[in-house]
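Number of protein chains: 4
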Amino acid sequence: MPSDVELNEQYYQHIVRNLSKRGVEMKDIAEIVMFLEKEYVHGLDEKLAIYAINKVLHKREAQNAIMTGIELDILAEKDLLSAPMERIMRTDESTYGVDENLAITLSSLYGSVSVTNYGYVDKLKHGILGKLNDKSTGKINVFLDDLVGAIAAAACGWLAHNETQIADYFATGKLE
Amino acid sequence: MPSDVELNEQYYQHIVRNLSKRGVEMKDIAEIVMFLEKEYVHGLDEKLAIYAINKVLHKREAQNAIMTGIELDILAEKDLLSAPMERIMRTDESTYGVDENLAITLSSLYGSVSVTNYGYVDKLKHGILGKLNDKSTGKINVFLDDLVGAIAAAACGWLAHNETQIADYFATGKLE
Amino acid sequence: MPSDVELNEQYYQHIVRNLSKRGVEMKDIAEIVMFLEKEYVHGLDEKLAIYAINKVLHKREAQNAIMTGIELDILAEKDLLSAPMERIMRTDESTYGVDENLAITLSSLYGSVSVTNYGYVDKLKHGILGKLNDKSTGKINVFLDDLVGAIAAAACGWLAHNETQIADYFATGKLE
Amino acid sequence: MPSDVELNEQYYQHIVRNLSKRGVEMKDIAEIVMFLEKEYVHGLDEKLAIYAINKVLHKREAQNAIMTGIELDILAEKDLLSAPMERIMRTDESTYGVDENLAITLSSLYGSVSVTNYGYVDKLKHGILGKLNDKSTGKINVFLDDLVGAIAAAACGWLAHNETQIADYFATGKLE
Numbered sequence: 001m002p003s004d005v006e007l008n009e010q011y012y013q014h015i016v017r018n019l020s021k022r023g024v025e026m027k028d029i030a031e032i033v034m035f036l037e038k039e040y041v042h043g044l045d046e047k048l049a050i051y052a053i054n055k056v057l058h059k060r061e062a063q064n065a066i067m068t069g070i071e072l073d074i075l076a077e078k079d080l081l082s083a084p085m086e087r088i089m090r091t092d093e094s095t096y097g098v099d100e101n102l103a104i105t106l107s108s109l110y111g112s113v114s115v116t117n118y119g120y121v122d123k124l125k126h127g128i129l130g131k132l133n134d135k136s137t138g139k140i141n142v143f144l145d146d147l148v149g150a151i152a153a154a155a156c157g158w159l160a161h162n163e164t165q166i167a168d169y170f171a172t173g174k175l176e
Numbered sequence: 001m002p003s004d005v006e007l008n009e010q011y012y013q014h015i016v017r018n019l020s021k022r023g024v025e026m027k028d029i030a031e032i033v034m035f036l037e038k039e040y041v042h043g044l045d046e047k048l049a050i051y052a053i054n055k056v057l058h059k060r061e062a063q064n065a066i067m068t069g070i071e072l073d074i075l076a077e078k079d080l081l082s083a084p085m086e087r088i089m090r091t092d093e094s095t096y097g098v099d100e101n102l103a104i105t106l107s108s109l110y111g112s113v114s115v116t117n118y119g120y121v122d123k124l125k126h127g128i129l130g131k132l133n134d135k136s137t138g139k140i141n142v143f144l145d146d147l148v149g150a151i152a153a154a155a156c157g158w159l160a161h162n163e164t165q166i167a168d169y170f171a172t173g174k175l176e
Numbered sequence: 001m002p003s004d005v006e007l008n009e010q011y012y013q014h015i016v017r018n019l020s021k022r023g024v025e026m027k028d029i030a031e032i033v034m035f036l037e038k039e040y041v042h043g044l045d046e047k048l049a050i051y052a053i054n055k056v057l058h059k060r061e062a063q064n065a066i067m068t069g070i071e072l073d074i075l076a077e078k079d080l081l082s083a084p085m086e087r088i089m090r091t092d093e094s095t096y097g098v099d100e101n102l103a104i105t106l107s108s109l110y111g112s113v114s115v116t117n118y119g120y121v122d123k124l125k126h127g128i129l130g131k132l133n134d135k136s137t138g139k140i141n142v143f144l145d146d147l148v149g150a151i152a153a154a155a156c157g158w159l160a161h162n163e164t165q166i167a168d169y170f171a172t173g174k175l176e
Numbered sequence: 001m002p003s004d005v006e007l008n009e010q011y012y013q014h015i016v017r018n019l020s021k022r023g024v025e026m027k028d029i030a031e032i033v034m035f036l037e038k039e040y041v042h043g044l045d046e047k048l049a050i051y052a053i054n055k056v057l058h059k060r061e062a063q064n065a066i067m068t069g070i071e072l073d074i075l076a077e078k079d080l081l082s083a084p085m086e087r088i089m090r091t092d093e094s095t096y097g098v099d100e101n102l103a104i105t106l107s108s109l110y111g112s113v114s115v116t117n118y119g120y121v122d123k124l125k126h127g128i129l130g131k132l133n134d135k136s137t138g139k140i141n142v143f144l145d146d147l148v149g150a151i152a153a154a155a156c157g158w159l160a161h162n163e164t165q166i167a168d169y170f171a172t173g174k175l176e
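Residue numbers (this note's numbering), protein chains in the order written: chain A, 1 to 176; chain B, 1 to 176; chain C, 1 to 176; chain D, 1 to 176.
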């Protein structure tokens, strides 16, 4: 039986690998974080943004939401879902809502500001989110676009709640 | 393309059929509703409880949560999930939380009282919930037990918010 | 003891009166609804938008959230809160979050799409929200801006879930 | 302008003082934590329970929810609320829900297990919660009973997510 720390790392690797396979790199998420937080965290750079994203991607409840959502996207692509669910996923039915709920749950782990940030980028389809939402590719990203938006929003929440550590980074150039 | 009303009915039938296949009948959920609400709704009987449950099972956001959760249970039983997800589902990992989040989302559609009611029966493992939670059967009900508790709790919420209609029922014996 | 229906109407009047006193008219909220939904509900006019808003303002859980938030704004303006709370309200502390949580709870009554819509207008400070957020007026609107955004978002959720009734309206010009 | 760390400590002291004034001591909350977690965390004692509670009481979003709820109870006792709100608070109206929503928000900061734990003790009126809910005392604890339940549930969530630190405590007798 793997330890808690081992599971955490295993889930993290699983997520990063799957995000990448589906066209989402850390720098794409960092770009959304910088778009959202630039005027609040002066000096925010990609390194710090990715550091915050990694904090999120190591949080167990966040990992669970992300793994579950990506799983459903992949299963839908493989045509492995029951007829009604397959239909919902293929049409990306606007009243489905489970994708958004998972994203809200994830972002709310980092406070309510994260939820409004998620809502904002989700509507804007900013950056990589626009590409993920492009139905012409044949890929099914019902959950992925919401989750990526929520990961970015959660990372913003982490930044907003860790001012001291960020000030240290700007003073020393070191993280952790 | 089916109409909204047709989809609603189709999802409803899909859910009732799947609940039944997995050992959950309407009367099992009604029993939880009566256990929870007996002292608040005097005269509450199985007919009224099932009426309230049917209201919940026709609400689209509730349908979506239920269909998604049951789907994941079935896929895990068929061994169709990725390794980390399969492991989580087979061990019913206590920190998973997506099952409970889906249930909280469902119950919160009917107000916050429904969420506390869900939490209560989930901890108690009342009635059918105890059976669903029994790991010795080999069935995977990671989502199902939470969803059934949440459906019951949501039905209680419907009862709490529809006093006038209930009074009419007690006066006339008729529903709707 | 007033009946449920009487309380509902009383709370509705209390809310509309307080919104107006604090500079928010029904047409201001309708403007946000139209901004958000124009491309999804073709033919959406102010009359239908206000109809949807009134649906929200008659829902008890929505009423409770709105009344509570406005109350706290008024009490802060009257200097009736304890020192730490007074400080939080006067500085509109960015990590406070209870205002946003109340708004998320309200909007989530109408599905997760409403939550993303709320997040979107909250960030944009669209229309009346910009005025409410203007600190130079001396007014305290810590909760009001979030609540108004959430009411509009919830009304959008109502519209998204009541296509049949809306089609009837466009066909007959009549509501209800 | 006080620093983030100073504010945190100030809010913590404000909360502990107000809980105590209203009849809630740390050991009362610890008793609920031990009731909930005894069979999951073997060896759980009051010291560790209070340590977990203090973690919760230092988390900003938790502090904000607690301060806001207690404030409303105190204002209602002083008769400072508007007529409809005063009526809701004095009758502890069952459909109010903002008290439970605040508690759900607080507990969900520590994962969904915390929400079901909160729902459970809220229904049971376990320990101090029964006393807080006793209307015969003339005190208004509309928010306090829910918040205390949520603080305990959140502390359980902290325990569930910090196994390594707890194992260290059992090995060394030292915390932090």
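Quick caveat, the hints were computed from the structure, so don't treat them as lab data.
Misleading hints may appear alongside valid ones.
Chain copies aren't distinguished; within one or between two, either way the pair holds.
With a straight-line cut-off of 25 angstroms between C-alpha atoms, the simulated DSS-like cross-links for lysine-lysine are [as the list claims (entries may be wrong)]:
(1) Lys38 / Lys135
(2) Lys27 / Lys123
(3) Lys55 / Lys78
(4) Lys38 / Lys125
(5) Lys123 / Lys174
(6) Lys55 / Lys21
(7) Lys123 / Lys139
(8) Lys78 / Lys139
(9) Lys47 / Lys135
(10) Lys135 / Lys55
(11) Lys55 / Lys139
(12) Lys38 / Lys174
(13) Lys174 / Lys135
(14) Lys131 / Lys174
(15) Lys21 / Lys38
(16) Lys21 / Lys125
(17) Lys27 / Lys125
(18) Lys174 / Lys125
(19) Lys174 / Lys78
(20) Lys78 / Lys47
Note that the structure is predicted; figures quoted are calculated from it, not measured.
Consistency of the hints with the structure:
With identical chains, the CA atoms of Lys38 and Lys135 are at most 25 angstroms apart between copies only, with a shortest distance of 22 angstroms across copies and 30 angstroms within one. In this assembly of identical chains, the alpha carbons of Lys27 and Lys123 lie at most 25 angstroms apart whether taken from the same copy (21 angstroms) or from different copies (23 angstroms). In this homomeric assembly, Lys55 and Lys78 never come within 25 angstroms of each other (Cα to Cα): the closest approach is 31 angstroms inside a single copy and 33 angstroms across copies. When the C-alpha separation of Lys38 and Lys125 is checked against a cutoff of 25 angstroms, the pair qualifies both within a copy, at 18 angstroms, and between copies, at 18 angstroms.
In this assembly of identical chains, the alpha carbons of Lys123 and Lys174 never lie at most 25 angstroms apart, being 35 angstroms within a copy and 31 angstroms across copies at closest. In this assembly of identical chains, Lys55 and Lys21 lie within 25 angstroms of each other by CA distance solely inside one copy; the values are 21 angstroms within and 38 angstroms between copies. In the homo-oligomer, the alpha carbons of Lys123 and Lys139 lie at most 25 angstroms apart inside one protomer (20 angstroms), although the nearest pairing across protomers, at 30 angstroms, exceeds that limit. In this homomeric assembly, Lys78 and Lys139 come within 25 angstroms of each other (Cα to Cα) both inside a single copy, at 10 angstroms, and across copies, at 24 angstroms.
In the homo-oligomer, the alpha carbons of Lys47 and Lys135 never lie at most 25 angstroms apart, since the shortest distance is 31 angstroms inside one protomer and 34 angstroms across protomers. Taking the closest pair of Cα atoms, Lys135 and Lys55 never come within 25 angstroms of each other, the shortest separation being 31 angstroms inside a single copy and 34 angstroms across copies. Within a single copy, Lys55 and Lys139 get their C-alpha atoms no closer than 28 angstroms, and across copies no closer than 35 angstroms, so neither meets the 25 angstroms cut-off. Only within a single protomer do Lys38 and Lys174 lie at most 25 angstroms apart by alpha-carbon distance; the minimum there is 20 angstroms, versus 41 angstroms between protomers.
Taking CA atoms no more than 25 angstroms apart as the test, Lys174 paired with Lys135 passes in neither setting, with 41 angstroms inside one copy and 37 angstroms between copies. With identical chains, the CA atoms of Lys131 and Lys174 are never at most 25 angstroms apart, being 33 angstroms at best within one copy and 41 angstroms at best between copies. For the homomeric pair Lys21 and Lys38, neither the shortest alpha-carbon distance inside one copy (28 angstroms) nor that between copies (36 angstroms) is at most 25 angstroms. Taking the shortest alpha-carbon separations for Lys21 and Lys125, only the intra-copy value of 20 angstroms comes in at or below 25 angstroms, while the best inter-copy value is 37 angstroms.
In this homomeric assembly, Lys27 and Lys125 come within 25 angstroms of each other (Cα to Cα) only inside a single copy, at 16 angstroms, whereas the closest approach across copies is 28 angstroms. Taking the shortest Cα distances, Lys174 and Lys125 never come within 25 angstroms of each other, neither inside one copy (33 angstroms) nor across copies (36 angstroms). Taking identical chains as interchangeable, the C-alpha atoms of Lys174 and Lys78 are never at most 25 angstroms apart, the minima being 44 angstroms within one chain and 46 angstroms between chains. Taking the closest pair of Cα atoms, Lys78 and Lys47 never come within 25 angstroms of each other, the shortest separation being 36 angstroms inside a single copy and 42 angstroms across copies.
In summary, the structure is inconsistent with hints 3, 5, 9, 10, 11, 13, 14, 15, 18, 19 and 20 from the numbered list given earlier, while agreeing with the others.
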